[in-house]
Each structure stands twice: as C-alpha cells, then as structure tokens.
Amino acid sequence: MTKAMLIINPSSGQEKGLKFEEEATAALKKQHEEVTVKYTEGAGDATRFAEEASFGKYDALVSMGGDGTINESINGLAEKDHKPVFGFVPLGTVNDFARALGIPMDEKKAIGILETANSRSVDIGKIAGERYFMNVLAVGAIAEAVYQVSPEQKSKFGPLAYLIEGARALKDETPFDLSIDYDGKKWEGKAYLVLTALTNSVGGIESFARHADVNDGAFHVFILKEFSLPKVVQLIPDLFKGELKSNEQVEYFTATDMKVDTSLDLVVNIDGDEGVELPFEARLLHNELNVYVPEE
Numbered sequence: 076m077t078k079a080m081l082i083i084n085p086s087s088g089q090e091k092g093l094k095f096e097e098e099a100t101a102a103l104k105k106q107h108e109e110v111t112v113k114y115t116e117g118a119g120d121a122t123r124f125a126e127e128a129s130f131g132k133y134d135a136l137v138s139m140g141g142d143g144t145i146n147e148s149i150n151g152l153a154e155k156d157h158k159p160v161f162g163f164v165p166l167g168t169v170n171d172f173a174r175a176l177g178i179p180m181d182e183k184k185a186i187g188i189l190e191t192a193n194s195r196s197v198d199i200g201k202i203a204g205e206r207y208f209m210n211v212l213a214v215g216a217i218a219e220a221v222y223q224v225s226p227e228q229k230s231k232f233g234p235l236a237y238l239i240e241g242a243r244a245l246k247d248e249t250p251f252d253l254s255i256d257y258d259g260k261k262w263e264g265k266a267y268l269v270l271t272a273l274t275n276s277v278g279g280i281e282s283f284a285r286h287a288d289v290n291d292g293a294f295h296v297f298i299l300k301e302f303s304l305p306k307v308v309q310l311i312p313d314l315f316k317g318e319l320k321s322n323e324q325v326e327y328f329t330a331t332d333m334k335v336d337t338s339l340d341l342v343v344n345i346d347g348d349e350g351v352e353l354p355f356e357a358r359l360l361h362n363e364l365n366v367y368v369p370e371e
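For the sequence shown, the numbering used here assigns the number 76 to the initial residue and increments by one for each residue that follows.
In short, the hints are calculated from the structure, not lab data. The beta-carbon is built from N, C-alpha and C at its ideal position, and this holds for glycine as well. Careful, some of the hints might be misleading.
As the list claims (entries may be wrong) - Per label pair, the in silico range of CB-to-CB distance:
1. Glu127 <-> His286: 18 to 24 Å
2. Glu356 <-> Gly292: 14 to 20 Å
3. Gly131 <-> Lys265: 47 to 53 Å
4. Glu301 <-> Lys94: 45 to 51 Å
Throw the hints in and build the complete structure from the sequences for me.
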C-alpha cells in the first residue's frame, strides 16, 4: 500500500493551507492509497514530521507553506536512508525554490502537479553539522536586512521589499574582511556581501543566477566588492539580465565545498532565516532529493 504525508502550516499565506487542504488531499489520493495530514504549530514541527515520513517509509511527503516550512521539511528528509519523493505548494512571499523548479505560484495549479507524480532530482547544501538549505546562504548587511522586513511590507511590495531593505542597510555600511576557502582554492579581500546560491532565483529575482540549475552540482558564489550609488545604478541592469557574474563589482566562482570566515561578528542567513555565526563550512549534496515538478 502506498502512502503519503501532507504537512500544512496553518498560518502561511493567510491560512491558505487550510483552505486548500481538501484539494491537496484529493490530488495525493489519486496516486496513494493512504494520506496522513499533519499541522505545524511551531518551529521545528515540519522537520519532525518529515523525519517521521522518512522513518515510516512513506512514498511521498508534501508541504504547504512558505520558504521556512519548505526548508524545515527538507531538513527532515536530507541524508536519510529512505527519502520520500518531496512535493510542496508554495504559500510564502518569495518562494524561490518553487520559482527555480517552475512550480506555479497559483495554489490550484501547484496542487495539480501532485496528481502527475512527475519528479526530478535536486541538489541541496549542508551547513554547520546537521543543517540543510535548498536555496541560498548570505552574509552581510543585505542578508541581515531580511529580518527587518515586516509582514505589511511583504504584502505591499512582495519580493521587492527585501531589495528595498537591503539597499537601506548598505547605505551606511563599510566593507568587511572576508576569506573563503573553496575546492582547494582561496579568495581573500573586502566585501559588502557574499551570497551562495543553489538555484537561479534569489529574493524573488529569477534571473539572479540565470546560469544556475537545481542539480548542476555547484554552489554559485557572488561577492559584492564595491558599493556606492553610481555603482548600484550600473549593477541593477546586470542583476535583472542575469549577468551579475560578469560585473566588475562582483567576484564570482563555483564550488562544491567552502569555508567562510570574516573579521566581524556576523551571522549567515540560511534560506532567509538567521543561521549560525561565522566561520561556517558548507558542502554540496548532489541529487540529494527527488522533488515533484511540472511535466515538460
């Protein structure tokens, strides 16, 4: 008998998870004989439920929520002996992982993908022992500004709210000393921001790392070396064209493992949430998960 687990974050997307629970359950029942529904009540619940699905040898695990819920679910699946096929219905503000996989922002269309059982393998990253991420690591003022974005700003401006707060944060910042050891190489210098992307979409900008794919076996590392108003004016067109790696203000390279250190007391942003203090080490896990995606 095939079985699936559905994790719902009741507070995500103005309680849309509860609104679409019946449709998601019905979609899963077209492929599975048994569907178990779990509701998150606080931090860590989605991780615990995902671990239950792994240990219970469920065939599929589907999460309905924002990037935080998706990240928690992935943390419960990564490096387990048995990993259910993972699916999700994006209910957050940015939904970068969904954008990278071509999953629609429309809830009904996203749920429809669960009926087809079409999937592909994806890379994820591992940091600080047993913590995993599916989209981005970031260090610097822009990364920390993400925590200042209010729910009202998210509702009004969407992903643009993060760009606005980031620009405000950088205005009064000075660069920090940065060193990155990666794949037997080393980069040292001063920086305003270091960002490591696993997918093409960062902060809702789908062209941020246009050349990145969800299972290309690489971290895509961007280091912002300079910042001033005239420089930003030059940077923005390249950002939206997906040519950021060629901009003279940006250092770019790919890696599969890396250690990042700095002279300041900084904390790394992991998939939009506050992570661990520097220094940190990160390692790529190639084709670690199998994820439901739209049929081509």
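> Looking at the structure, which of the earlier hints fail to hold?
Replying inline: 1
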